[in-house]
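**Student:** Chain by chain, the residues run as shown.
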Amino acid sequence: MTSTFLGLPVAVDTGHLHGDRPFPQAARAALANSQLRRNLGKATTTIREKRASVVAELPDWEQLRLAGAAIKDRTLAGLDRYLVQLEAAVTARGGQVHWARDGDEANRIVTSLVRAAGADEVVKVKSMATQEIGLNEALAAAGIAAWETDLAELIVQLGHDEPSHILVPAIHRNRAEIREIFLREMGSAGVPAPEGLTDEPRALAEAARRHLRRKFLTARVAVSGANFAVAETGTLAVFESEGNGRMCLTLPETLITVMGIEKLVPTWRDLEVFLQLLPRSSTGERMNPYTSMWTGVSPGDGPQQVHLVLLDNGRTATLADPNGRSALRCIRCSACLNVCPVYERTGGHAYGSVYSGPIGAVLSPQLTGIAHPASASLPYASSLCGACYDACPVRIDIPSMLVHLRTRVVESKRDSSRVPGPEQAVMGAAAWTMASPGRWARALRAGRLGRVLGRRRGRITSLPPPPSGWTASRDAPLPPTETCRDWGARTHGDRSPR
Amino acid sequence: MRIALFVTCLVDGLVPAAGRATVELLERLGHEVVFPAEQTCCGQMHINTGYARSALGLVRRHVEVFEPCEAVVAPSGSCVGSVRHQHAMVARQAGDEKLAARAEAVAARTYELSELLVDVLGVEDVGASFPHRVTYHPTCHSLRLLRVGDRPLRLLRNVRGLELVELPGAEQCCGFGGTFAVKNAETSTAMLADKMRAVLDTRAEVCTAGDSSCLLHIGGGLSRLRTGVRTMHLAEILASREGS
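Chains as they are written, first to last, in numbering that gives the first Met the number 0: chain A, 0 to 497; chain B, 0 to 243.
Take the hints with a grain of salt, since some may be wrong.
One-sided and incomplete, this derived list gives chain A residues near chain B with beta-carbon spacing under 10 Å [what the hints assert, rightly or not]:
hint, residue
1, Arg413
2, Arg417
3, Arg484
Since the hints were made in silico from the structure, they are not lab data.
Glycine included, each C-beta is placed from N, C-alpha and C at the ideal position.
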C-alpha cells in the first residue's frame, strides 16, 4: 500500500470558540458587576469545597489521575484506529456514523437528519460539542426549534443568555434572577411558570419539571453529546444529574449524538477509571445520579434511529501539536474553572468561548489557532498560579501549555511584522542588557535615577504606560540607593567563586 | 558549607534587603556565601511572556555561571521554579540537548531558601528574634511548583517573639503573575483586593512570603491604601535579631 502525505491538519475557526474582544476588555464588565462577583464567588467556593472533600476520600486519587492521563494518551496515539473501530462497532449494532470536519459540516448533517425524521423540534441533552458548533442557532435558521432540557441550560436559553461555565452554565445567575426569567419567558416557550412562583429551589425545579415534561413527551428527535464512547463495543455514555438526559435518550424515535473525536476510550474496562474521576471532579459527588449507556439500536426499546456525528473542528490540528495535544485529554469536568482565581473574578463570558476558565484558555486557541486577537489574548488570561494543574483529573499541565501558546503568539507577531511592537522592544532590550553582567550592573545603578519619581512620598504612585497598569492600583517601590551586588562588593569584596 | 547566592534580578535591583538578609542569615549559621558576579537573570519573565527564544541566552548564562557551585540558594520560589522546571525545557525546545542536561544538573543543586535551610542544612531554629504579629502568604510557585509545604512555617514558628497568624484563603494567588499584573491589570487587582482583605483580617503587622515579586504586589496595594501593614521577605525575618 502506498501512502500520500496530505500535510498537517490546520486549525479551523467555526462555532463559538472566541469572542470579538480580547480578554482584558471582555473581563471589564464582569469585574465591575458586584452581583456577578458574589454569585461566582459563592458558587465556586461551594463546589471547590465539595470536590476537595470527596477527592480526599480516595487513597488512590493520584494513581487514578495517572491512569486517566495514560488511557487518554494511549487513545490519542491510536486515534485513527480507534475511531474506525468505533464506527464499525456502532454500525454493526444498527447505528449510523457521520464524519464532520468542522462545525458547519456537523450542523448541516444534524439539520438534514432532523428534516429526514420529519420533525420541526428537538429536545437536547446538555452538550458542549453542540454549544461549540452553535447547533441551536443553525437549527433555528432551518426552522427547527431546539429545546435545552438541562435545568441550567434551560435558564440560559430562556434568558437569551450565553453559558458561562462548562458544567453549570447558569453559574452567573442567582435564584431571584432565575425566578424572573421563568416568569417572563416560560409561557412563550411552552408550559408557563405557575403564578406566584417563589425563588425557593424546590419551586423553581418544579416549574422547570412541568415545563420540560411536555417537551419530553412530544419530541420525536433528541440531540445529545457524549461523555465517552467505547471503541471496542460502540457504546456511547452520558453522565448527568437530573434525569433529563435519560428522558431524551430513551423517549424519542430518533437520537442524534454529536461527539468530539477525542471523547473515546479503547475498552469498556477503561470507563471504570473515568466513572471515578469525572463525578468527583465535576459536581463533587461520589457518583453521578444518572449514567446512561447505549449501543446502537435495541429493537423495540428506545430510539430506533441512532446517529453518531463525529466532530473534528480543530481537534486533529491540536493533535498534531506536540505541546498542545494533551488538551485533548480533557473530560470537561470543569474542576479547573472552579479553582481558578481568574475565572472566579471574571466568570466565563469574558473568555468569549464556550470553553472558559483555564482549559478554555488553552483549548479554544488550540482549536481555532491564534489569528484572532481574542484567541491570542486567552493564553495571557492567567497568573500561572498552577491551581488548575493540581485539580485536573487527567493531569493536563495547563500552565506549561499557556506558556507554550504565549510563545506561539509572540513568534507569530514577530513573523508577521518587521517593526517590533513596544512589548517586543522592551523584552528585546531587557534580554540584551541581561546578556552582559557589565550592562546589567550599570542598568541597575541607573535605576537609582527612578528615585526622583517618588522623592516626596517615599514611593512611586504613578508611572507612564505600560507600567501604568501597575500603578493604577499599586504603589511601586523606590529603587534602592545601593543594589545587592554593590552592597556585597562593598562589604565582602570580590566573592566570586572562580 | 560554601553556598552560592543566586540573588535574582528583582531582588538585586529593587529589594536588596532580601538578598542582604539571605547572606547575613547564612553567615550567622556558619556558612560561606559566594556571589558569582557574572549572574544576571534566570529568564523567567521572558519565558512566561512568550519570549523563550530571547531567554535561551539567559538560560545558557545562568547554567555557565552556576555550574561550578556545589549548592545554590535563591530568596525566591518563583525563580528556583523556573530553573527547575523551565530551563531544561527551553534548551530542549531550541534543540540543545547538551545544555538541557547541564541545566538539569544545576537545577538539582539549586534551592529555595526554606528548602536549603530545612532539607540541606537541617535547621529549623535559625536563632532569629522578631517580636511582631506576622502572617505568611505561600506564593504559588513555592506552593505548587516547588512544594515547599510547611517548611517556611516551621522556620517562622521557631522565631522568638513572633506571633504567627494563619492567613485565610492562603493558597489563593495574590494576582501578581509577572506581566499578568500589567497585561490584565484589572483582573490582577481584583485578585489583589481579596488577598489584601485576607491579610487585613489577620490584623497582622507584617505579611511575609518567600518571593519578593508577590510581596511587591501585595505591598504595593497595602501601601496604596495606607493600611500600615508592612511586607517583608522571609529571609529578613529569619535574619532579624530585633529585641534579643
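**Student:** The structure should be examined with respect to each hint, and the outcome stated for every one.
**Tutor:** Verification of the supplied hints:
1. Arg413: Holds - the Cβ of Arg413(A) comes within 10 Å of chain B, reaching about 8 Å at its closest.
2. Arg417: Nearest chain B Cβ about 16 Å off; hint violated.
3. Arg484: Hint on Arg484(A): holds, closest Cβ of chain B at ~6 Å, below 10 Å.
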